[in-house]
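Student: First to last, the sequence lines map onto chains A and B.
Okay, so the first sequence: first residue is 8 according to this note's numbering, each after it adds one.
Okay, so the second sequence: first residue is 30 according to this note's numbering, each after it adds one.
In case anyone wonders, no lab produced these hints; they're calculated from the structure.
Backbone N, C-alpha and C define an ideal beta-carbon position, used for all residues, glycine too.
Any given hint could be a false lead.
To be verified - Here are some of the chain B residues that sit facing chain A, going by a computed Cβ distance under 7 Å:
(1) T72
(2) V74
(3) F76
(4) N78
(5) V94
(6) L248
(7) G249
(8) P254
(9) Q268
(10) Y269
(11) L270
(12) D272
(13) G281
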Amino acid sequence: MPRLLSGLLACALLALSALAANAERVLRLDEVAVGELDPAKASDYADSILMFNVYDTLVLPRQGGPGHTPHLAESWVGSGTEYTFTLRSDVSFQSGNPMTAEDVKFSFDRMVSIGQGLSFLFGNVESVDALDTYTVRFNLSEPYAPFVSALVRLPIVDKQLVMNNLGDGEGEMGDWGSEYLSQNGAGTGAYIVKSHNPQDETVMVKFDGYFLGVNERAPDTVRLRYGLEAATVRTLIAQGEHDISSQWLPPEVKKALAADGNQLLTEGGTGSFYFKMNTMKEPLDDVNCRLAISSAFDYESVLKLIAITDEISEGTAATGAITAGMFGAKPTSQALSRDVEAAKAHLAQCRHDPSTFSVEISWIAEVPLEERLALLLQANLAEVGISSTIRKVPWAAFAGMVENPDNTPNISQIFVTAVTGDPDTLLYGMYHSSKAGTWQSPEHLSDAQVDMLLDAGRAGETDGERESAYSALNDRLLTIAPSIYGFDSQAVFVARPGISVPALSDPNMAFGLDTMGFAFRLMEIE
Amino acid sequence: MNRAVQIILSRPLSIAGSVLIAVVVLSAAMADLLAPFPDHRGTVVDFSNFNQPPSRQNLMGTDLVGRDLFSRILYAYRLSLILGAVVLALAVPVGVTVGLVAGYFGGWVRFVLMRTTDVFLSIPPLVLAMSIMGVLEPTLTNGMIAVTVMWWPWYSRLVHNLTLAEREEGYVLAAEIIGASRFHVMFREILPNCVPAILTKMTLDLGFVILIASSLSFLGLGVQPPTPDLGSMVAEGAQYLPDSWWLTVFPGLAILVAVFGFNLLGDALREILGTEQ
Chain A
8 MPRLLSGLLA
18 CALLALSALA
28 ANAERVLRLD
38 EVAVGELDPA
48 KASDYADSIL
58 MFNVYDTLVL
68 PRQGGPGHTP
78 HLAESWVGSG
88 TEYTFTLRSD
98 VSFQSGNPMT
108 AEDVKFSFDR
118 MVSIGQGLSF
128 LFGNVESVDA
138 LDTYTVRFNL
148 SEPYAPFVSA
158 LVRLPIVDKQ
168 LVMNNLGDGE
178 GEMGDWGSEY
188 LSQNGAGTGA
198 YIVKSHNPQD
208 ETVMVKFDGY
218 FLGVNERAPD
228 TVRLRYGLEA
238 ATVRTLIAQG
248 EHDISSQWLP
258 PEVKKALAAD
268 GNQLLTEGGT
278 GSFYFKMNTM
288 KEPLDDVNCR
298 LAISSAFDYE
308 SVLKLIAITD
318 EISEGTAATG
328 AITAGMFGAK
338 PTSQALSRDV
348 EAAKAHLAQC
358 RHDPSTFSVE
368 ISWIAEVPLE
378 ERLALLLQAN
388 LAEVGISSTI
398 RKVPWAAFAG
408 MVENPDNTPN
418 ISQIFVTAVT
428 GDPDTLLYGM
438 YHSSKAGTWQ
448 SPEHLSDAQV
458 DMLLDAGRAG
468 ETDGERESAY
478 SALNDRLLTI
488 APSIYGFDSQ
498 AVFVARPGIS
508 VPALSDPNMA
518 FGLDTMGFAF
528 RLMEIE
Chain B
30 MNRAVQIILS
40 RPLSIAGSVL
50 IAVVVLSAAM
60 ADLLAPFPDH
70 RGTVVDFSNF
80 NQPPSRQNLM
90 GTDLVGRDLF
100 SRILYAYRLS
110 LILGAVVLAL
120 AVPVGVTVGL
130 VAGYFGGWVR
140 FVLMRTTDVF
150 LSIPPLVLAM
160 SIMGVLEPTL
170 TNGMIAVTVM
180 WWPWYSRLVH
190 NLTLAEREEG
200 YVLAAEIIGA
210 SRFHVMFREI
220 LPNCVPAILT
230 KMTLDLGFVI
240 LIASSLSFLG
250 LGVQPPTPDL
260 GSMVAEGAQY
270 LPDSWWLTVF
280 PGLAILVAVF
290 GFNLLGDALR
300 EILGTEQ
């Protein structure tokens, strides 16, 4: 009898604890490893998810339209080389310390001193002055039109907390708290880091003291897991044990999950997919050879390959070098298309004889879709008489290879997005001769006219000036064809029914900035 | 010969092994005739017909760029068999010579040769092949080199042990007494007595070489596209499980058939040649 009673008691306790667990809203999602938690080093998608939830920025992109709205700032004035921000006075860090102008100055100094991640965005900011507790001024060396948009990549860190946790390093500031911040959060964000393993999982919990308050239906706990296999994610979602997939799932898997009744979330308009041609190495140093390849490429087949359902695709037809919707982009009615005759005509004018060369097409090992795109391009080129080989390159090796034109493959495949949503951050890094030889610029392009137009685009004071500079740039890039402009990319995520993510499902709530849609505070779980 | 046929026929598993191997070898040899889409082993893409399940037109379905999986598996068999044959043709003579010399001479020669062999054996085979492929470019030839480097020590060990036993036999002593050269004793007297064991091991190994080569290409270190290869087919398809099951199941079965067939045949050979030890 006592045994029966204790059994019943145990069952009741189990049922109660299950109820308690149900009451907690848990969000489970995945990304590729590694998750870099230090906001000064954040660059890729996983890092940015962490950054936008643990930290806040002075401004945010406006939802559903162009422009920016104040966030940690209350307002700002300025143009040209001087911008002054008035900060909100009601913001506290997760540690309880109040957020002040000193923290903004410290965050900027820290980012630029460490010099990693997206710190290059602030290359022409000379200094930052804390004028009083809640006023801060940025001094620029020259006019930089996209400055305000760049601020979405300047997360504000808790100076006092970091100063208490400085590690060893050269100079007065030691390691600038790198070691501490790679394991702990020090932001004002709506989520607090509970545990963090960059190869495995980050667990975050809601921050009750968030200055904007957090929706009660937003997740209480978030589990961000790294490096799950596509087949694993597919099974977990089908079993209701995973909530949102990464965008890197193959289109077919997304299609199967959508057919099972899951939702497809989208984020687009900030980048494109490119085949990048090495303009410094034979035979693609000849513009006619490059134009032959651009004309031979089958733009329509790609769209079939990346379509997920009749309405949703991982991309739309490219119109040129600039993603549709940005300054200088062509209207969507002018989609690029295949022209085999033009390809043959260009090839005939190329000074290299196609029977004497073979081009190497590389693809990034972590992105299986690119292998298929490589096979498509190979078949397209074979049709006009160009032979080619395909080479799989791991991402880590690729970045090193492209530093030198001799080691850079003839053709590389890269997805590039504007990290701040502004075309400057899409195009400058790819095509300015001073930036040649990075993963974004395996073209090694050196063209005076392109450089001039890129500089004009970032210095333009009015939208009209910027539009005309980028429009001329687009024409020039179509004429000299350093890249095949494959398609305008759109990130697609699979989410379980019952998860509501307005920023990724309603165009009027979209941010126009990569990853910002993953602000957990704006999500709802039923 | 009659005894061999008798042994094979008396064991159903040996019959199965012989049939499987016959199927594998014939499909590889006659791929050009059997494949419904012979051009699909090369630079062909067809995005109007990709990722389709098995049908009358495509017996094993189509892959992610619209190529006929059945045709590609036939050509992949050809490649696997060539790879297996070349690897054994290179690894066996090296391994056998090292083993014979070490076993026959003994002393410091044996010490140096067998400790070198041990060094190779102490590294896990796949790790060794992976590090070689990491340094070299991933091509078919380099794949063969990598697998060869990890394979010869097994033959040294086998032949070394056999030689140790044989060198004390009366016929070896007799040959030495009448003044035969060391070369003659090793290769004309001892070696022929080791052949049955070597042959058995080669048959068993052919399956494992195919498996290791597939593992290498599964890891992206083997043959590069568009050349069809069983290991890379399985690797690509694994991401699309369970919906596009044909992408993984058929190439996986193809590997199974080849490895299993060679194993069964090896077992039968062991009995026929009397090398069961």
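Student: Indicate, hint by hint, whether the structure satisfies it.
Tutor: Outcome of the hint check:
Because the smallest distance between the Cβ of B:T72 and any Cβ of chain A comes to about 5 Å, under 7 Å, the interface hint for this residue holds. A hinted interface residue such as B:V74 counts as satisfied when its beta carbon comes closer than 7 Å to some beta carbon of chain A; here the least separation is about 5 Å, so the hint holds. A hinted interface residue such as B:F76 counts as satisfied when its beta carbon comes closer than 7 Å to some beta carbon of chain A; here the least separation is about 5 Å, so the hint holds. A hinted interface residue such as B:N78 counts as satisfied when its beta carbon comes closer than 7 Å to some beta carbon of chain A; here the least separation is about 10 Å, so the hint is violated.
Below 7 Å, beta-carbon pairs count as interface contacts, and B:V94 has one with chain A at about 5 Å; its hint therefore holds. A distance limit of 7 Å between C-beta atoms decides the matter here; for B:L248 the minimum to chain A is near 10 Å, and the interface restraint is violated. Taking 7 Å as the C-beta cut-off, the interface hint given for B:G249 holds, the closest approach to chain A being about 6 Å. Hint status for B:P254: holds, given a least beta-carbon distance of 5 Å to chain A, under 7 Å.
At a threshold of 7 Å, the smallest CB-CB gap from B:Q268 to chain A is about 4 Å, leaving the interface hint in force. Look at B:Y269: its Cβ gets to within about 6 Å of chain A, closer than 7 Å, so that hint holds up. Look at B:L270: its Cβ gets to within about 5 Å of chain A, closer than 7 Å, so that hint holds up. At a threshold of 7 Å, the smallest CB-CB gap from B:D272 to chain A is about 4 Å, leaving the interface hint in force.
Because the smallest distance between the Cβ of B:G281 and any Cβ of chain A comes to about 14 Å, over 7 Å, the interface hint for this residue is violated.
Checked against the numbered hints above, the structure breaks hints 4, 6, 13 and satisfies the rest.
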